[in-house]
Every structure is written in C-alpha cells, then in structure tokens.
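**Q** Residue strings, one per chain:
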Amino acid sequence: MKSKLNLDPKVIDSARSCAARIAESMQTFIDRHTTVSTERTILRLLGVDGVDDVDTPLPNVVVDAIKDGGGLPKGVAYWMGNTMIQTGLEPQAIAEKMASGELDIMKLPMASSEEAEAKILPIVEAALEKIKAQTAKRENYLATIGEGKKPYLYVIVATGNIYEDVIQAQAAARQGADIIAVIRTTAQSLLDYVPYGPTTEGFGGTYATQENFRLMRKALDEVGEEVGRYIRLCNYSSGLCMPEIAAMGAIERLDVMLNDALYGILFRDINMQRTLVDQYFSRVIIGYCGIIFNSGEDNYLTTDDAYEAAHTVLASQFINEQFAVLANIKEEQMGLGHAFEMDPDIENGFLYELSQAIMAREIFPKAPLKYMPPTKYMTGNIFKGHIQDALFNLIAVWSGQSLQLLGMLTEAIHTPHLHDRMLSIENAKYIFNNARALGEEVEYKQDGIIQKRAQFVLTEAEKLLHEIEKEGLFSTIEKGKFGGVKRPKDGGKGLAGVCVKDGHYFNPFIPLMLGGAK
Amino acid sequence: MSGAGNKNVTTATTTVDLTKIKPYGDTLNDGMMQLSFTLPVPYGEESNEAAKILGKKMGLDEPAVVFSKDLGIGYTYFVLYGKCQHTVDYTSIKVTKVEVDVMDRLECERYIEENIKRNVVIVGACSGTDAHTVGIDAIMNMKGFHGHFGLERYHGIEAINMGSQVPNETLIAKAIEVNADAILVSQIVTQKDVHVANLTNLVELLEAEGIRDKIVLVCGGPRISHELAQELGYDAGFGAHSYAEDVASFVLTEVVKRKLV
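If you read the protein sequences in the order shown, they are chains D and W.
In this text, residue positions in the first sequence follow the numbering used here: the first is 23, and each later residue adds one.
In this text, residue positions in the second sequence follow the numbering used here: the first is 860, and each later residue adds one.
Think of the hints as simulated: they come from the structure by calculation, not from any bench.
Watch out, some of these pointers could steer you wrong.
The calculated lysine-lysine pairs, modelled on DSS-like cross-linking and capped at a C-alpha distance of 30 Å, are [to be verified]:
#1 D/Lys511 / W/Lys1002
#2 W/Lys1033 / D/Lys515
#3 D/Lys515 / W/Lys1051
#4 W/Lys956 / D/Lys406
#5 W/Lys953 / W/Lys1116
#6 D/Lys240 / W/Lys928
#7 W/Lys881 / D/Lys515
#8 W/Lys1002 / D/Lys406
#9 W/Lys1002 / D/Lys492
#10 W/Lys956 / D/Lys508
#11 D/Lys451 / D/Lys492
#12 D/Lys503 / W/Lys1051
#13 D/Lys172 / W/Lys928
#14 D/Lys171 / W/Lys928
#15 W/Lys1051 / D/Lys501
#16 W/Lys928 / D/Lys485
#17 W/Lys928 / W/Lys956
#18 D/Lys398 / W/Lys1033
#19 D/Lys467 / D/Lys492
#20 D/Lys240 / W/Lys881
#21 W/Lys956 / D/Lys398
#22 W/Lys953 / D/Lys451
Please work from the sequences and hints to get the whole structure.
**A** The structure is reproduced here in structure tokens:
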C-alpha cells in the first residue's frame, strides 16, 4: 500500500533491521542467564501453586531453597525432574513437602540432566495442553459470539477489591467496553513474589493474583455471552514477576498483557539485566498462547515531551517489535504503544498527533496498536478534559488504531467512577461511529505539515537506532536516551535474582513453546 | 469591551453581599448549581424522584433532573440542576497559604549568590509506594513543565531526583549523604489516604534521626494543600499549578530565614 505520508520504505527497512541487530545482540546475553522469576514461572507452569504457613508462595519457597543450595544455574526444571525420579512425587507435592520442611531436594541423589528432563516432559506437555485448551476457548468465543469493532474500547477498573472490580467491569461491558484492564495495586511491580488468593485491599488498583484473574475471567465470559461480544481481559506482565504473571495469564485466559522490554528498567528502576532476561520468557509465553502484548512507549511521553521525544517512541516500538520477533510473537499480537500526550497549547498539535498516529499505523500495518489517552495535560477541568478525549478518539478512528484505552474526563482527579467510564464509552462510540471511514476518505497534502512531521520523526528514529546499535542498548539506557531516564547496568532492583546458567541448564517450556508444540 | 459593559460589571460587583454569597447561574443570587452523580437504583421514574429528593436534602430548591441514564447494572446516572439555598460569609474566610514572594529562576539564582553563597542541595522523590513521577519530574527535571524550567536548570541548586517508589529510609539516607538543605516529596496516589500515612512516616523518621530542624521539608501533589502539609509537620505543601520557581522561592527563603546557610 502506498504511504499516505510519503514515508521512505528504505528508511523504515533500515530502522527495522537496525532494531533487529540490537535485539539479537541482547539475546546472546539473555540466553546465558536465568532469573528467580523465570524459574518460578517454570514451577507455576508445572502446577506448583499455593502458599506456606507464613504466606510465602510455594514457587518462591522452592526457588529460594534451590538458590540457597547453589543449584539455580542448573535450573528448577532439573531439580524438579530429579526429585520426581528420586521420590516419585509430583511437583506440587514436592513443593508442599519442601515448605513443611519434610524434604530437602538438594540432598537427594542426582540423576543426569537427560533423565530429569525426560521425567518432567509429560508434566510439561500436560501444562501446554491446558494452555492450548484456553486458547481454543477464546477462538471458539470469537467464532461464535464475536467481538466489537476496532478500535476496541478499552477501559480500566481499579477499586482495589476484586469483587467490586467485577461489578464495574460488567457494567462497562454492558455500556460497550471490549477490553477490561484491572489496574494493579501501586507497589506490586516491585514485589518479588505474586500474592495468592482473592484480594479486597489495594492502593490505586487491585493485586494481580491467579484467583483474581480467574474471578474476572469468569465474570467477563458471563457478561460477554449476555451482550453477545467476547470481552477481553487485560493485566500486567511487568515488574519483578513479569514471566510468572504471563504464565498465570496464559493459564487463566487473559487476552491482553502490558509487557515491555524496557519499561520496568526506565519507570520502575528494575535492573536492566533482570528485565531483559525476564521479558524473554514472558514473551515466549505470550506468543504461545495468543495474548496481545502492550508495550509501554506511551510512558516516555509522560516524562519526556511528546513533540520533541516522538522519535524515541518509534525507536522503542521497533526494538519492542524485534524482541517480540525473537520470542516468536506474531505481528497480530504486537500491541505496540503510543499516546496522545502533546501539550494542548501547541499550535497545530492535532495535526502532529494525527501524523504520528498514522505513521505508527503505516510502519506496523498488522500490529494491534495500543493508543493511550491524554494524562499529562489533564487538569481537573473535566469539561475540557472530555474534549481532549474527544480529539484523541477522533485521531484513533481516523488513523485506524486497534486498542483504544479510553481517556477519562476525571483523569488527574481520581480512579474512574462508574459514570466516568460510561461517559468515556459514550464519547468514543459517538465519534467512532460518526467518523468510521474518515481515514479512507482523506489523503494528505504533498510536503504539508502532516507528511513532513512523520518523515522527520522516522528519520530521527532511524538515527537514534543507529546510535543505539553503535553504543549498545545497556549503555544507551545508562545515558538516559529513553524517556529522559538514566539507569545504571548494575543498579536498580532485582539484580540479585539474575544468575548465569551452567552447561546443563534447561527450561523445557521454551523450545516447546517456540516450536508451537501441537 | 464597551463602556456600557464595564459599567455593568461595576454594578454587579457592588450589589454582591459578601457576607451571604451563593452560586451564580445567569442572575445574581439565583443559586444555580449543576451536579452529576450515580444512585444504586434502577433507571426509571422512581430513581429520578430519588435524585430530586436528594437534591432537596442537599439544600437545592426546584431540583430538576435534566438527564438520566441506565448504567447497566441496575444503577442510574443523573445530571441535576437546582437552586442552592445556603449562603457563605466570604468576609470571614481565612486560608493558610505558603507565604513567600515568588522569584523567577534568575531571581532565585541571584538570591543564592547574594544570600547563601554556596550550592543549595535539594533531594526529591516519590516516596513510599507511589510510582507516579510526573509531579516530582515537573518540579525537578531540567525540562520542567509548561515552559517552567525545573530545579536542575537552576545555577546554585544541586537537584537530585531519586524517582519513584523510594523508601522513606532511602530518601533520608541520601539527604544525609549529600547534606541536603531540603527534601521534596511528591505524592500523587491518595486512594484510601495512603499519602497521609507515608508523609507522616517520613516526618517521624526525620525526627528520629534528629535532622528534622536542619532540613526544609516540602511535599507536593495534586491533592496536597499547604494546610494539610502543615498539619502533617511539613514546612510547606504545594498543590496543582505549582512550578519549580514556587518551590525554589520557598526553599531558598526558608534556608535564609532559618539560618541554615
């Protein structure tokens, strides 16, 4: 298709291949390492769940014991396989006996890696069957009850209480929402464990727990059948437990997950080595089970300027795309992020926004782009805020965005009230319906403001990517090129959970998931 | 504006009784207010009546539901107008504000040169569980916000922005390490008063360390008022629409006033 923005395909190709080389160079580092959260994810997939008598999740109990015993470089899959051989127990029973102090798996006789891997394989395959069944259920829903039109209306609930969230989510679905995201409680990204069970207390959001996922999934399936539209569920595969939450999402049939190769480093000060290793397994899982990931480039524009830093968003989208390619994620699952965050006082700001939104659409034609609403320049003037959201909605339908996180007129005041969500859905439905085919009808003036803006941003992004390739990604982040945030390679949280694999290490899920087992 | 228009303005203001003000819609003292809210009852005649009764109980005469809508779970949303019966004595109001003459960036820099004669060290963070750095970034980062440069840009100020989710203990340790003159704490998330607990905790820790008196302590955020800040033991609190120069002017003046030079 011809570019309406007259973008040079050679520049796009150059930027993309540059990002591919950056991602590949990181992959060498990633492949040499594992992390405590990656290992806990393996346990969760093997069916280890529950907590001990002081509420420590069993995956943590097992991994900590192996780490303390110096066994982490071999990987938990080996230790579990070996313990199954030596004791005849299943992974959950092993974890329970470890928690009660009845079993020290580090003191058992040791079988070979091959024997351990063979022993664990049936359990791995059973876990994959379970995930496949969930994916099939989603596909069946989409084929029978169908889904809303794109851009999908995407709203958040954030009461802190999963049962209250369920009520709000069902109300939103009845009002027209297509995707419900349950915002997490504010400190969860920095917890090095996933809390357990249903939760009713949180700050600015609700804990991501497997039981909470299950409760919300059930509620959305019910309301989806009632309204005749599959309602997608979104949560966060990010923070110190990035891959564990991806596994929980795969098991409980989440449809969309926030997941970014760089976000945790920049905005949560999580160590970059930890995040890069963690994001890989999380993305392999996401790719395998058909979840759409959402990357977090929109956040750059909350700390940096949306006009001046637009090229950093595009550069990061290219990098996120290429990390996703390495994890075997289809383009149709790449919810690359961007945002409507330009200062409303900029003359022709709407034109620049439009240009950048169409640019993202043209460069990533099949990706279900995630478009984020204005937040930075929302003031508490709810009436003006509603108009800002309307302009955002107009650009979304015009430029063909896919996942529209609806802006709330009360942004900057409180987490959305029940009727705030209704007003925002009404706003979006009105504009999407009224301007549905606008994008197909409009072309842009040769070398006009809109064309030139996109060409400029693309050129700058390509330049930045070449700089990053030369400099290395770690060092680029250390210098604060993304979001204006500087992070040292050995700084931040979670570095102690990174470990170099030994020669016999194996993670049985990665090859099977990448190969698309069955 | 025409002369006649100006005259009208003058007339309007002279007839306001400041001891008994009430909302203005299109006529002085009509008391007009607009409300929107949700009631947990199904959409229909009865819910409209419920909304009107509620309006009356709130002191609104002639409450009128101009719009109502079914929210889909047996709840109803309303837009309601009514004439407020209550009045306020404007002449008796006193508000605690940060009392400082705001200097612009260049004036702040000159003030440091003339009155402090050394670098002023300011450490800032979103402390506790708060992950939202938009406020502290607007005040501290070079770029600032809305054309107002941040503290990093000020000659004579060494601004250290520690970012988000910084434990109060870590913030204090840094302040001690760099011999900070001031600590800025930003709190955006206020659900269930989490900010009050965290801000209080910081003051207690500073007192325990015995350095509360040696530091200018400032908090900020969209829901923070100077009054709340003072109640919690802070020297000042800055709400929405505050910029780096507001904070800098206060901190610098305070450093001099308290002889922390």
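**Q** Check whether the Cα positions of D/Lys451 and D/Lys492 lie no farther apart than 30 Å.
**A** With Cα atoms ~46 Å apart, D/Lys451 and D/Lys492 exceed 30 Å; violated.
**Q** Check whether the Cα positions of W/Lys1051 and D/Lys501 lie no farther apart than 30 Å.
**A** Cα-Cα ~37 Å, so violated.
**Q** Between D/Lys398 and W/Lys1033, does the CA-CA distance stay at or below 30 Å?
**A** 29 Å, holds
**Q** Does D/Lys492 lie within 30 Å of D/Lys467 when you go C-alpha to C-alpha?
**A** 36 Å, violated
**Q** Are the Cα atoms of W/Lys1002 and D/Lys406 separated by 30 Å or less?
**A** Cα-Cα ~25 Å, so holds.
**Q** Under the criterion that the straight-line Cα-Cα distance not exceed 30 Å, is the pair W/Lys956, D/Lys398 satisfied?
**A** Holds: W/Lys956 and D/Lys398 sit about 26 Å apart, inside 30 Å.
**Q** Run the distance test for W/Lys1033 versus D/Lys515: straight-line Cα separation, threshold 30 Å.
**A** 17 Å, holds
**Q** Please work out if D/Lys240 and W/Lys881 have their alpha carbons no farther apart than 30 Å.
**A** 50 Å, violated
**Q** Compare the distance between the alpha carbons of D/Lys171 and W/Lys928 with 30 Å, and conclude whether the hinted pair is satisfied.
**A** Given pair D/Lys171, W/Lys928 holds - Cα atoms ~24 Å apart, limit 30 Å.
**Q** Quick one, are D/Lys515 and W/Lys1051 close enough, alpha carbons at most 30 Å?
**A** Since the Cα atoms of D/Lys515 and W/Lys1051 sit roughly 27 Å apart, the hinted pair holds (cutoff 30 Å).
**Q** Compare the distance between the alpha carbons of W/Lys956 and D/Lys406 with 30 Å, and conclude whether the hinted pair is satisfied.
**A** Holds - the C-alpha atoms of D/Lys406 and W/Lys956 are around 27 Å apart, at most 30 Å.
**Q** Within 30 Å, alpha carbon to alpha carbon, are W/Lys928 and W/Lys956?
**A** 41 Å, violated
Checked against the numbered hints given earlier, the structure breaks hints 7, 10, 11, 12, 15, 16, 17, 19, 20 and 22 and satisfies all the rest.
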